[in-house]
Every structure is written in C-alpha cells, then in structure tokens.
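Participant: Given next are the chains, with one letter for each unit.
Number of protein chains: 4
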Amino acid sequence: MAKKKIDKPKSNCGVTAIYGTPDAAHLAYLALYALQHRGQESAGIVSYDGKLHKQTGQGLVADVFSDQERFKQLKGTWAIGHNRYSTTGSTQALNAQPLTFNNYMMGPFAIAHNGNFTNSGIIRKQLEKTGSLFQTTTDTEIIPHLIACSNKETISKRIIEALKQITGAYSLVMLTRDGIYAARDPHGVRPLCIGKRQNTYCVVSETCALDLLKAELVREIQPGELIKIDENGITAFPFQTQQPCYSCIFELIYFARPDSRIFNDNVDRVRRKLGKILALESDVAADIVISVPDSSNTAALGYSRRSNLKFELGLIRNHYVGRTFIHPSQNMRDFGVRVKFNAVKGILDGRRVVVVEDSIVRGTTLKQLVKHIRENGAKEVHVRVSSPPIVSPCFYGMDFPSKAELIANNKSIENIKTYLDCDSLHYLSHEGLLESVKPHGCGFCTACFTGTYPIPIEDKIGKYQHEQNEA
Amino acid sequence: MAKKKIDKPKSNCGVTAIYGTPDAAHLAYLALYALQHRGQESAGIVSYDGKLHKQTGQGLVADVFSDQERFKQLKGTWAIGHNRYSTTGSTQALNAQPLTFNNYMMGPFAIAHNGNFTNSGIIRKQLEKTGSLFQTTTDTEIIPHLIACSNKETISKRIIEALKQITGAYSLVMLTRDGIYAARDPHGVRPLCIGKRQNTYCVVSETCALDLLKAELVREIQPGELIKIDENGITAFPFQTQQPCYSCIFELIYFARPDSRIFNDNVDRVRRKLGKILALESDVAADIVISVPDSSNTAALGYSRRSNLKFELGLIRNHYVGRTFIHPSQNMRDFGVRVKFNAVKGILDGRRVVVVEDSIVRGTTLKQLVKHIRENGAKEVHVRVSSPPIVSPCFYGMDFPSKAELIANNKSIENIKTYLDCDSLHYLSHEGLLESVKPHGCGFCTACFTGTYPIPIEDKIGKYQHEQNEA
Amino acid sequence: MAKKKIDKPKSNCGVTAIYGTPDAAHLAYLALYALQHRGQESAGIVSYDGKLHKQTGQGLVADVFSDQERFKQLKGTWAIGHNRYSTTGSTQALNAQPLTFNNYMMGPFAIAHNGNFTNSGIIRKQLEKTGSLFQTTTDTEIIPHLIACSNKETISKRIIEALKQITGAYSLVMLTRDGIYAARDPHGVRPLCIGKRQNTYCVVSETCALDLLKAELVREIQPGELIKIDENGITAFPFQTQQPCYSCIFELIYFARPDSRIFNDNVDRVRRKLGKILALESDVAADIVISVPDSSNTAALGYSRRSNLKFELGLIRNHYVGRTFIHPSQNMRDFGVRVKFNAVKGILDGRRVVVVEDSIVRGTTLKQLVKHIRENGAKEVHVRVSSPPIVSPCFYGMDFPSKAELIANNKSIENIKTYLDCDSLHYLSHEGLLESVKPHGCGFCTACFTGTYPIPIEDKIGKYQHEQNEA
Amino acid sequence: MAKKKIDKPKSNCGVTAIYGTPDAAHLAYLALYALQHRGQESAGIVSYDGKLHKQTGQGLVADVFSDQERFKQLKGTWAIGHNRYSTTGSTQALNAQPLTFNNYMMGPFAIAHNGNFTNSGIIRKQLEKTGSLFQTTTDTEIIPHLIACSNKETISKRIIEALKQITGAYSLVMLTRDGIYAARDPHGVRPLCIGKRQNTYCVVSETCALDLLKAELVREIQPGELIKIDENGITAFPFQTQQPCYSCIFELIYFARPDSRIFNDNVDRVRRKLGKILALESDVAADIVISVPDSSNTAALGYSRRSNLKFELGLIRNHYVGRTFIHPSQNMRDFGVRVKFNAVKGILDGRRVVVVEDSIVRGTTLKQLVKHIRENGAKEVHVRVSSPPIVSPCFYGMDFPSKAELIANNKSIENIKTYLDCDSLHYLSHEGLLESVKPHGCGFCTACFTGTYPIPIEDKIGKYQHEQNEA
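Protein chains in written order, with our numbering: chain A, 1 to 471; chain B, 1001 to 1471; chain C, 2001 to 2471; chain D, 3001 to 3471.
Derived from the structure by calculation, the hints contain no laboratory data.
These numbers were taken from a predicted model, which means no experiment stands behind them.
Positions of the beta carbon are idealized from the N, C-alpha and C atoms, including for glycine.
It is possible that some hints are incorrect.
Claimed, not checked - Pulled a few chain B residues facing chain A out of the computed Cβ check, cut under 10 Å:
no.	residue
1	F1101
2	M1105
3	S1132
4	L1133
5	T1137
6	E1458
Given only the sequences and the hints, what does the whole structure look like? Please build it.
Facilitator: Spelled out as structure tokens, the structure:
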C-alpha cells in the first residue's frame, strides 16, 4: 500500500466528494486518508455553506489536517477533497487542488481531478486567445474556464458542454451552488464510485475509502457519465457512453489498495492471480518465496501457493522513511536501499530465494536489493515480476520516468538479468496479465506495456509547456 | 511616519518598479522599505528574467524579506513591488500583490496597484458574463482581464484600452515582456514619480524612496499618463490628460512621509504651514505646545513658532508595538492609549497644554489621550487639529471607518469638545487648509472634509460585493 | 516493526555512539533511524570536536534531521544519539536527550540512556540536600551529578563510582573529553552492542542499526560492564559482573526489530518459534491464519507452518498514520481501528480465521479488530496470542498502562474471550514462552507476566514525583 | 527610547515581579513591554500557582507573547519577567531568563537579573569543584547554586548568604514558594523600584512600567537591600547597606526612558539640563538645532532653549527597522544610515546646523549622518555631544565595544572632528555632567568616561570564559 517506494511510477491523485452531512469535511478527510496512496504531495478540502471554504497544504493528509481549527473553518454539509501527486502543473502551492473560483454567472465553483487531459494545451491556447486568464498551470483549470465560457443555461449543461471538448483520462468531482457533480471520462480509465452512509452520499476513487467511512457501495460511475447529487439524490447525465472502454490495468497491478474493489473486481484477487500465473509460467527450483513489501505481498503469496514454495518475510520494510532523508555525504552512497528495506539474514542465509516484485521501472532499486539479499547469504536469487516489461510512458495520469529511463526499453530481458545480477529473471506474459483480470464489459489500457495508446494524444508535449513562464 | 496609530485612516498602498540592474529586487525591497508607512499588511516583489519570480508575505517588508534566500530567487534586472494595506479584496494571502499571470497572448504579466477603482464591480460583472474567471477579490485584477480581452496588437495599446475603461484613483506599475509600465489616473489622485540611479530607473510612490536609493528625481508621472521603460529609456503615452486634476489633500496632511516631495511640494513645508495657520486661527493662552507623535510633529512645531509657545516632548511614543498586542482580560480596559503613548509628567505637570493632532476620525484615542495628559498634571488641555472635520468616507483608496463612526459626522464641534473633555477645541478651517497647499497646476480632492466627490463613483458598494462568496 | 500501534506497551529508547569518523553525526543519524521503533517522541544527537554540538527535536528522526544545516553544526568525529519515548520525566523539550553539561572539573559531558533507574528518587533527594540543582526531570540526570560529585581522579573511575550507586535497568552511552563510554546494567536487562565499520566504532541498541551502517558486530556489551572507546580502541571496565542476569523477554516478543540479533539470538527465530509452540498448544479447526501486522507477522507465519493452515494477508495496515489524527466529532466513534487496519473482504469472507497477535494489553483495539473481521464475513474468529497474559507493570523501562488497565489483571481468560467476542482465545503458556528463547548464560525477566520483580525497586513512585513542581 | 540604534552601547536587561493578582502574567507582560528598550533579544515570564509555569522566546515582548495561549499557561497570582540583552552568556535559547529550578530543599525557584557580577568566574569554579553542574553560561545561575548549597534554614537567609558572596552590579527578582524577592546590589548601580496597584505589588526596573500599569510608586529598593513580598506585604532585609553608592550615570544619559524616574530624579529633567549646559559650554553661530532622534531629543530641546536657536526635525527616524535587515550585495554599501534616518532637505538646505547626540561610541554612524546632512544642503554641521568622551568599557552590565573600538580612546577631539568631517565638535565636560544630576545621597559611577572602576573586578575576562566549551 505504501507508494513512496523508490523506482515506481508515481500515482495520480485521489478524489472524494461528500454530500449531505454537517460532518462533510470530516468525512472528506477520512476518505482522503484512505486514499493517501494515490498522492502524497499535497491535500486539500473545500466545503460549502453558501460560501466556499478552502484548506490545503503540502504533505500527508494527517499532517495537513492535524489541527481541529482547520475543520472549524470547513463549514457546511457539502465538501470535495483531493490528494495530489502532480502529473501536470508544477508543484507550487498555487496548484494545490481543489481549485476554487467565484463567478457572477455560475456562482462559487470548486473542482478536483484525477487523471490527465490529452488536449489541454490546445484548449488552453484557444481560451487565452479569447481573453481567459489562467491562475494555475494545471490542466484541470481548463474545465472551469470552459464552463465559464459556455452559454448554456444550467450548470449541468455547461459542464457537459465542457467535458465534451476534452479528451483524456479523468475522474472529476465538482462543487457548485446546485450540488455536487462527479464525472468519469468516456473510456473509464481511472476508477470512481459512489457510496452511501445513512443519508450521506460519498464519491471516492476507490472502495477502500468507503470501508473506512462505513459507507455502502452504491455503484461505479460509468464511463462517459456525469452524475449530480443534490436534495433529490443522484441524477445521472450520460454524456458520451458509446466509446470503447480502456481501464488502466496498472491500477490493478500496483496503484490501487489491495482491499479496494475497482473495475468490478477485487484488487487482492487479481494480484494473487498474477502471482499464480507467474508461478506457472516460470517454475524454478528454490527454497523460499519473498516479496518486495508491501506492494508485492499478495502476488508473492499467490506465487508461493501455486509453486508450493514457502512464503517468508525476508525483507523488512522501514515505514518511518520521512519525506526528506538526508544522505550522508561521504563513502556511504550504497546504503540507499537498506534505508527502506532490511534483509533478515536468519531467513535468507543459505537459501535459494524467489523474489516477487510487481513491476520494474528503472531497475536501480531492485539491483541494490538483489545485492543486499545476496550479502545476507542467499545462495541463488530468482526475480519474478508480476507484470510485463514497461516500455512506454503513460499520458493518462501516471507519472513514469521518461522513455529513455525505462530499463525494458533499453535492454533485452537477458541484459536486464545481467544488470540485476540475478540467477534468473521472468516477467509475466501479456497473456498471463490479461488472463488475470476479469472482463467487466470493458477493455483495458495496456499502453505502458505495448506502446499502443487507445485514446488520442493531441498534445504530448503540452503538459510541460505551460510551466515555462511560470512565476 | 509611523502609521499603525489607533484611529487614523489606513493608508492605501505603496508601489515601486525598478528597471535595469541585477540588483532590481534589492532596490525594490529598499523602496518598499522606505514606503512602509503606506501599507503594513503584506509586501511582495516580482522580478523578471524571461520568467516571472514572485515572493510575497504577510507583515512588514523587513520581516517578509528577512532571508537572503528570497532574493536569490528573485532573479532578473526588472522588478516591481508592493506594500499593501487592503482597500478592496479581503486580506487573504491570495490577494497579495503584485498579481501575476501567464498568458499565451501577452506573455508573463505582473501588476501592483495603489488606489481604488470606482467602477470595478460593473466591469467585473461584464467580464464574468463573457467567461472571465477571477482569481482574487481585488479590484486590481480587472486590469489584466481587460488587457487579455483586448484585440489591440501591442501591449501598450492593450494597456491603454484597459485604462480608458476604468474610473477611479490609481497609481499602477506593471511588468511585461516588453518592459516596465507605470500609470497614474487622469485625475492625479495618488502620487507616483520616476527617479534615476546611474542607469537604473526607479518608479516610486513617494520621493523618500528615491532618497534611500540615492536616486535623482526625474519627474512626477502626469495625471492620465502611461509610461513605458525599456532599453530605449522612458516613453510617455498620455492617454487622458485633459481631465481636471484632484490630488488627495490627505496625502499632504497625514499619509505621506514628511521628508517626501509629492504633488510638486515638500510635505514637511505643508505640514508646518498647516500648524502656523492653525495657530493664527485659534490663539489661546497656554504654556506649552505638544504633538501627538510622530505624525503631528511638524504641524506642532509650526504651531509653536507662530504662537510663540514652547514646543515640548510631552508624549513619548512606544515604537515597539507589535502587530498583535494581547490585552489583559480583566479590569485593564483603559490602558490602550498608554501602550502607545506615555506622558512625561515632569513636562505636563501644572502646565496649560496645547495638543496638536493632524486629524480626528472617531476621536476615541484622542479622548483617552486627553485624559492621560490631565492625569499627569496638565492644568488645561487645548486640542488643535491641523485639518478640518472629517465627515465623509473616501472611495479613492483611503480606508476610513464607515460614515456612522466619523465623530464629526455625528457631533457638533461643541459636542466633540465635550466628548474629548478638553478645555478648547479648534479644527483648521477649509480656507486655512487650501491656503497651506501650493497650486501645482492641479486641484485637490477634499471629499472627506466636504462630501463632494469629484470623480464619479459607479459602484459605491461594489468594493464589498466580490467578497461575499469568497473561498 | 512499526510501534505506533494502539494498545501496545511503549518502547523505551534507542541509543547509539559513534567514534572515529568525520561522518560521526551522520552515522549516529542512520543508527537512530534504524532504531526508530524504540522511540518516536524525540530524537537528538550530540557531537564533539573539542566543544559539544547539540541538535534535538520533537518527532521522528527523519523529520528532526530533515535539514543538511543541522549536520553542518554537528562537527567532530565523535557523536552520541538518542531516540526517546519518555519513561520518566515529562515530555518537555528540556528533557530531550542526549543531556549535555559543561563542568570545570570534568569538561564537556553528554549522556543518553535507555532504561529506568529504580532508586533515582532517593539519590536525587540526597544530591539536592547537598546543593545539586537539576535541570531536567529525567532519572538520567542523576548520573552526571554523581560523576560531578565524585572525588576520583579519572573520568572512568568517576563513572564507575556513579554507576555503582544506581540500581535498575540501563544501557547508557556517554561522551567525554577522553572518549566515548558505554555501559550496561549488571542484570543485562536492555540490549547494547558494539560494531565496527572500517576504523569506526559504533555502539547501538540493536544489531539492525549495524546492518544499516554496514558495520560488523564485534560483541554485546556484557551486563555490569563499562567500556571506553578512544584512540586505543576498546577498553573494558567490568564493574559489577557477578550479578544474576535478567534480560527483558518482551524485547524478543515485541520491542526489537525482527531482523535484529539481541541477547545472542535472532529475534526473527524466536518469534517464529513462539508462533509454532502456540500452534501446538492451541490447535483449532480453521481455514486461514492472519496476523495483526506488522509486529505479529513472524509469529503468524510460524503458527501457519506448524498448524498447516494457510497464511493470508487479511488485514492491511495503513502506514500513513501521522502523529496527530483528528477524529470527527459526531457519531463516528467506532472507526478508530479502521484508520489503522483495513480488512480484505475477499480473503475473510466465509472463512474460519485464526488471528495471531503478539500481546494483549488493554484489549480495546483487538476487540474492535475482531468485530471488523467479522463484519467482513469471517465465519469464526480464533484469537491466538504469542505471549502469556500481561498482569503487572514494568519498572525497568517499558511503559505499560497502569495495573488497573491491564485486561488480564481484571478478567479471566474466559471473560477476556467474551469481551473480545471471539470464538476461541489462547495465550501462549509460560513454559512455551521459555522454551522459545535460547539460554545465553543468562536468565530472563518475565515480571510483566508474573509480577515477580528480580531487581529491587526502591522508589516505585519515584518516577513520577519529580514532575510535580515542574515548570 | 528606541535602543536598536547603530553604534550605541547595548542596554542590559529589564526585570519585573508581580505579586497578588490572577492577572500576574499579564501585568508582567505589560511591564516588560514598557521596559522593552532595556533588552530586545529575548523575553520571558515565569508564573507560579504551586508549580512554576514558564514561557520564553526570542525577539520583542509583543512578538514572544502574541498568542493568548501563552497566557493561559501562565497560571497563578505571582510572576516574574525579564527582557534580555545578553551581557554574559551567549545568546542561546537555553540562557533565556527567567531561569527556573526545582529542588527538593528549596522548592521551585525562578530568577531574573539585570546587571553583571564581577566575581562570577571565581565562584562558578569553586561550585563546580564541589559538584555543582551548571545548565547555562549566564552569571545569573551562580545565585541559585549558592542558595542550594547554603545550610541556612529559611529561604531569606539562604538568599542573603548567596548575595553576600557576590560582587558587581545587579537588580534581581526571584520567585520562591514563600513569595517574591527583589534585591539591589550594595552600590545601587542599576535602578529597581516597587509600585502598588490596588492590592498588587509590582517590582520594575523603571517607573515608566508603573505608569503603564497605573501603579503608584512606593519607593526605590535601596542599595544592599533584599525585599520579600508575600501575604504580609513588603518585608525589608537590608543585607549590606553601608557601602558607598555608585549609580550608573549612563542610565540617565541614554538607557532609561525619558518618562522614567530613577535614582530619585526625572530622566527627562536631567537630559534637558545636559543639553542646556552643553549649550553654555559650546556656543556657536548657527541657524537651527536638530537631534539624532529619538534618544537625543530632550537634550537637543534643552540646547535649543539655552542657545536660542530654533529646534527643528531635520532627521526622520524609520521605526520599521526589523531585526534582520538584508543589505543589497553590490555597490550599495553606504546606505546603512539612510535606512534608519532620512534627512529633510527642506529644513537643512542652506542652514548652519547644530546636531545634538547623546553619546559617541565608535563614531561610525555619526560620520555617515554628518555626510548625509551635508548632502541635503547644510552649510555647516556642528556636532554637540551631551556626555563626555567614552574611553573605557563597562563591567557592570552595559555592553560597549572593546576598548580598542572606542573612538575617544584612540583619537584626540581634534582628530575625531576630522574623522566626523564636521565644522566643530564639543563634548560635554565632566563638570557639566555632574552638575546636571541631582545628589540623591549617592554617588555616580562614571567609569566609562574616566576608567576608574569603583567596584572591584575580580574576573574581567570571566564573563567570556564559560562560553568556550558550550554546547
């Protein structure tokens, strides 16, 4: 669940919206807390009681909202919240979401976004030509500008007009004077679902947040669906539902929490299946199976079951790693991985070890880890990866390193094995990957493994250009 | 010079722009420091080296910029700066000036403003109707939106088009990719002048800032004039110069620093003259003249000269008053004035005292002061005010209490005397006031003394309405 | 490894000393980082280069030392460090260790302490009678005062004279002008060992810190042994070695990190053995075994092996819990445990579940956890505890709740089962506990399970009395 | 009154003690606020309600106590307070006064000190030899250690025993479980007086603090007198009253506030007299007299009266100077004095100017000021100093630069005149100085003007030596 790992893609963001309780800000806070793994850079909540009230800050949710005072200011019975790991827009405070606006025509407005628009550069340029002034460098901000420029009469129609102009991946929550809105892109890339707790509606990125709130899952928001929550309950506005659907398969492999249910499936079940198929594909004579904790735990357990090798806790993860870790200046360069993981010599010593890892990006951490495992006495180290080689970046909301840094883009499997200095290396096959996930009336996006992008990317470089002249 | 006094109008703001030195941010800082009396709530500097760099903070200039680190980030050879006491826009951090924008069409843009627009509510509403989204509640922000919506080709023409739509009082500095701009409203209400220091141009609200920078005064910016400073030096764009001129007479009475030269006159000279005429108008048998330090010092000295009464330092001002002063909770309510001023008993005891004060707003502080002077042995206390009674609020950038709170609006002079519990009270006459100032090809705005507003006020309530739905 | 768990005894402290490298402060920092589980309340390092340099702060090591600036000030080639969870002395900043003193006779002196003296109240009173003034409320401070009052000639002899007057449990590190000192109490209650990294000596509470530093274990410091490290290497001063030895068995059950080696044994091995014997003692028909992560993981794995029940990850631990967690005010009281642990429904649903927990203090968290597991579909919940019932507080450095709050002190096993609402409950037997640990020429203290205190406690209430008049 | 001036001796400290009101901490705060000129480096208050409560911080009183929360923690009806400018002891936080101790024998104890002991090094060494451990590097701390080592039965007797061992200059306040104590050294060097406000006793360094509290002056504490305040009111313990008395004449010249009454005289009266005698001694043909504000104002006014030259406000002091002022890095070195003072050209231009300054230490600021006055048009500049040349450092609590830096120690008057580049220079004569002050049954210390030290200095270098091994 912990996502501060070295050498993993950075998650996108987590969003929530709460409707109908004086505890709205508190519930939004708890939901963000449960969604912490989706973004650790900043957190923010906006509530509404006729006026907008906003509290944001850098860091973890529990640190940003460590003061009751903040909740006293978040008055009202509606709220939306956001955990951010920036995908577009630099990391400056100004970009902290939810974004808020006050406009004579549409009234107070707040928005939070998980995903990435693929034509935001083009739209922004058009809007600026006609006099729009942007206050942030986020792609999110084009939505309120499009809404502000719409001539439609109702807020619902204005929002739909705006969404139809956008391409890309998004799960959005919005707060207006008419109620709460939530929307999911026509391809259903990122998860978003609705829950209910007594008379309170809760929109969240993943169901693990509903569990914390003790809310019942009502349903997922459909691809291409806008929903509105107000005193009449939920009203659905399907605005573009005939598109093929491409849910992000990496959510199931790594991003989402194992106790969540997304894309109509249990994340835990999928990961165990990935491990089992991996074991079938890559049998090897060994003594024990260990995981790279915590994100590979379930796959490693699956591997252990199918291979009949013992599951052991050979690596201990240090959960006290802070945001800033000061590295000693001299001759201590190689201790990076040991700060995060310590090997248990009593378990590894003299054993042939299978190490299960969910994915490899640059390979730098894993290389150190293999060395560390060997130094603690392992006779053999066999690396098993519960996903295929990553060869292409994501334009739909995940933050990978550049293509040049992806190890599988530069080296053959054999060469990666040599680089990692392991005794054998096996990646899960594409077929094995697709066999692990359930059909849910929907396809999956596997662009990071294939380089085939199902949704058009109109401005690949667009996501960087707004930042150039930034204050 | 100290303006944190109880019961005085709050000043408006101070602005500066520096062009042509790697020390630009440092010089802007010094200029703001010299202009501290014009706004103590927040301070900010934006510099430019192809990109905008912004540093703002709450509090005094020396506190906001107490760290060399801040200057390292303010790269570039152009800069603008702002001291703020908010007149419109709530005090939230978001409103800290200079405001910055990045726009595809006009590039990076920063603006700082001293004054108050009188039709900003109307213009904002129009802009919002056509899709503009505002990020602040300041009236200042309508300028960049008007510029962004302009179809003119050059930035200069766009700025002029924007300024022509605005009414009210303003001295503005702007930073664009083409150079620095500065403008003064057609009525010349607030001061603004240009200085030169070696090859560096310095635009400042008052000449005292040029003195600190060791810059020579070049000239005042004319009412209705926009100037641009770039590699070709100063270019003037007179955009509306045929309007009658109404410089704020209160700048001379109280706001400006005594060592400044504004509206073509020495502030110090005017204040001494006010004191002299006041003495002529209100002779009284007394032993000594004291001032309410520091703002009334010069007028008191003038009074002393003309009346042949000894000038004494009967009140000591405490300059350590911080931004927050914790008042004891119990039976200590009446000590407020003594925190700021202590009476010197050795001077007051047994004497008939003339107290010179520059202006009276609510009268609450002066009432306590008169009591304090009496308690230190004064036999008689004669209050002399070096300006006429204040009867109306200002819509051009000064922050008075509401009309209902202005004592001279509610009470006759006789009743004010009774309220203050002084032995005699005299306000300077209108004639005396106008006799003290020099004709400078320009009239004066005396609306606060007369209720006659020379510049139309299209939305009196406008300045409050944007804040209603604020986040 | 994570010790911020609800309803566990609070650990004591971690200490380190580094001798002989310009990186001394950095190595101390890393050692403290590896020992974070022994104290999360404050951290401090003192280095020495002829002068003492001190940096301490509230919070986690990585947060206290998040700034390179702090290391620049920690000059010198010797350093000692301390992680604190206060056992005596209130939590005020003044008490942050290492404590430092400058004395004409003995020069600069710093000390850090893990443990608890059992006669500190009596000694302190005696010292105060003869004129000693204490600056903290810690029991640690009696050591420097005893040293200062000693008439012996050398620092070594002064320290020994001081240690001989003290009873209780302690592992100490000290920094003097003559070198680094480390000492362990005559009963060997708390762990302390020496490692070597190139020419640098490293004293640490547990070997996991040596692993991070890539230092080799030299040996444990013996009970009743003082060692000095200087340019001549290690000099041993056995000062009281004929005492029977009582190592804290709870270090092995819960406190120490599983990858550490203490009391001549692997912690990991002991915990697995505890789980295995527990399985032998308490067989039950069930489908899966889960642990309360992370501290019970190894015992649960041992249980699973011996019982032939599948080990599953049925509870997910949230590692983002901050120091302060704001609880919503209304009707949300029961969500505490879900903030820390989320159940994975896919795993628990319809299953008979064995839950392995390392120890039960109050039982409050475990009760909520059982409920949570049931709500996620478990058909049966069988609680297995890998240690005997806790019936008595610790006076040797662990912080339990008061005797009245210990559930096993108030209820029979049957009643605890009813309270927890589980289908069966079994605690490890005393015999099983002792069978799991290796004889190491030393006995074990099991006072918390038996109420029999092997080391005299001269002032049970002493540890609270100094705080009464505290500033 | 403002003492942050460049090139003046730093003041010593201000102290206060309040007895008998639930508002004790609040009154102490106000007293410290009125005494701010005596120390701006840190401030602290300790209150007592059976326990000691302490709040200290760096900076001005109003900044340190800007939060009501701090007062909530300062419970009790007794309090003592301290403004510090360090004279001995480095500026570290640990040294912030009041110092507090908790001791089994004498109970809670707090102390605050204005002055300087002249045998503290010797006493500290003796105390350390017998086992005392010091927590600070202040000379103040020897008092509590001496008290702790005393065998006397009552606290009063213990304090007297301690005071008799000390030589030097001091005004002390102490808080014990028996009541408040205050003491003044046998030579009466620093001021200290008692006031009463309803049933509340107030001990303060200067009467200006009594004025703010609306307390009546009861009397000065006598040289060599210890007083105790408890439920029986004031009890006096004269412990050494037959010594000759040497009050610090510099308190009257510069340190004390002009509205204070110390050493049985009005500060304001003395300063005016100094100015008058200065005028008699140094008549010169000139047009105007100006002061270096604010500390020379009264002397300048006295000079103006006697010389019949007009008093003018030729220099404006900037009161917004913060604690840290960032100086631009390049070619702006000469602007230092202009940051603090701006010249009013309209007043100086074409005039022959007499500048009255209260004292000259290094002369660096005055040199810049003379230049600045000339640049603003003054035809002649005549410097008049209202005290004799400073030739020797102070060992009784004032912080001068070293002897080598005192300009009058290195240069003749003629050469100082050349250095300052003024048209004439006159210092007040010794006779003139002594003529200005009133005999009050007491002599004056004029060591800084004469080099003759009336109180023995046993360890001149002592005040620096404790800091050498400081943490």
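Participant: Indicate, hint by hint, whether the structure satisfies it.
Facilitator: Evaluation of the provided hints:
With a cut of 10 Å, the hint placing F1101 of chain B at the interface with chain A holds, because the nearest CB-to-CB distance is about 5 Å. Below 10 Å, beta-carbon pairs count as interface contacts, and M1105 of chain B has one with chain A at about 6 Å; its hint therefore holds. Interface restraint check for S1132 of chain B: the shortest CB-CB distance to chain A comes to about 6 Å, inside 10 Å, so the restraint holds. Because the beta carbon of L1133 of chain B sits about 5 Å from the nearest beta carbon in chain A, less than 10 Å, this interface hint is met.
Annotation: interface hint on T1137 of chain B holds; nearest CB of chain A at approximately 8 Å, less than 10 Å. Here the hint on E1458 of chain B is broken, as its CB sits about 16 Å from the closest CB of chain A, past 10 Å.
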